[in-house]
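Can you build the whole structure from these sequences, using the hints too?
Number of protein chains: 2
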Amino acid sequence: MKTSPSSAAVPASVSTAKKNPTRIVIVDDHPLLRKGVGQLINNEKDLMVVGEAEDAAKALTAIESSRPDVALIDISLGGASGIELLKNIKARFPKLQVLVLSMHDESVYAHRALRAGASGYIMKQEATEKVLTALRKVLRGEVYLSERLGARMLNTLVGGRSPSGTSPIEALSDRELEVFSLIGQGHGTRPIAEKLHLSVKTIESHRAHIKEKLNLQTATELVHHAIQWVQSERVVGAEAAHSE
Amino acid sequence: MKTSPSSAAVPASVSTAKKNPTRIVIVDDHPLLRKGVGQLINNEKDLMVVGEAEDAAKALTAIESSRPDVALIDISLGGASGIELLKNIKARFPKLQVLVLSMHDESVYAHRALRAGASGYIMKQEATEKVLTALRKVLRGEVYLSERLGARMLNTLVGGRSPSGTSPIEALSDRELEVFSLIGQGHGTRPIAEKLHLSVKTIESHRAHIKEKLNLQTATELVHHAIQWVQSERVVGAEAAHSE
DNA sequence: GTGGTCATCGGGGTTTCCCCGCATGCCAAA
DNA sequence: TTTGGCATGCGGGGAAACCCCGATGACCAC
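Protein chains in written order, with this note's numbering: chain A, 1 to 244; chain B, 1 to 244.
Calculated directly from the structure, the hints in this document are not laboratory data. None of the hints are false.
Which copy is meant is left open, so a pair is good if it fits within one copy or across any two.
In silico DSBU-like pairs for lysine-lysine, Cα to Cα no more than 35 Å straight-line:
no. : residue 1 : residue 2
1   : K211      : K195
2   : K213      : K201
3   : K90       : K45
4   : K87       : K201
5   : K195      : K58
6   : K211      : K87
7   : K201      : K90
Here it is, written out as structure tokens:
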């Protein structure tokens, strides 16, 4: 099986020996990518890969046994289980810093990751050096985000006055949340208007306000987030049975 | 741009010199993965990376200039135009062997890739050595497929039709599936048109055809299904990691 | 070559989106 | 109490998207 790869064992015997290298665990279901990141990291004097894992279960045991300073995890290990893993890790090892590596667009998953306890979010499309930058930033206890997203999140925080953890969805009014939910269930503007016995214009107004509060630019983004939210709500609990 | 990485320049002067190494070009939008595959390949005596590219356009120029024997391409380049690129490559360089590397479940894309001219299909979840196996097999003019999929395809050929999981999505053409996928990733009509360098009208046409084939009535429904599908694809892909 | 699908676009009408403004009503701080 | 903010409801008008047509090649199969 995937017995830990050749590159993991780096003897501290080179001229520029690693005195107290930062210990890193990589969690990703793509062996090729693990190899790439591992190589990249082990080329650095102050960084060192001490473990790899390809799924959530192996990740926890790997962390337990190798005691890393940072975990670099891909949250798209089978959809939701990525965020789940992140939560589990933070529950068991609260002091462990976690940098999330994802192939998906930040706008959808980044804030979920941060809320789940991640210290940073970086996309696989990013240049390799950015990964090192992010790792070091996270190590210093700072949060790594892309320029674009960082600005946007600050914006949300300022505009929505929500403290670190709260989702901007909290800022929606009752009516807005209702509309948002209907959008997420796949209804268009007109059907929503009819269902609520309101003018189409009113629904448009609500949509605009929702976009504003959630910091979204286009209608497509709105729909995307709405569907995402409805989905996650369904997962979160059966206790949220407020039908109709 | 991505001038071939440190390890790419391997002078043929080592004891075990590369006499006639197979020349390989890697096309993938994840720098980290390119690094991983590149390292893996350059560790082999008979293989050698002679070029990298991160998108379709760069891929064609890279192939043109470096004249590889094999191209290893990811068909999910930014979620788009992977199959298109494959077709273009085979149109311009018919004799070039192409091995498709994908993070998606084989069952959806593999046969499309083969029909488009690929000589093999391998998933990123596969073990690293499998990539080498696949490369060498493709080099010998054979077709590489996973055990599971190979059997299934034979089955399909003999039996006439796919066994059970025939989703209506199978009915979509390559281009349509591409557009469908982009919709599912949250992109609007215009951005898709720009990304694919096509007229907005063309995308609208594709959307219409997709709706027809999937039996959808409204645009909202289309978006809803597309997002749903992209989501489920990710889960399926990850769970299919336990091949063999 | 005839018929099929694909992929690409256009015309033109309908709908939605989006950026404005405007009204009411409520609630809370000044 | 006055002021201001916010929620809720609606409208106008222009831009964009959507939708129902048709058209052109290109390719593949029979």
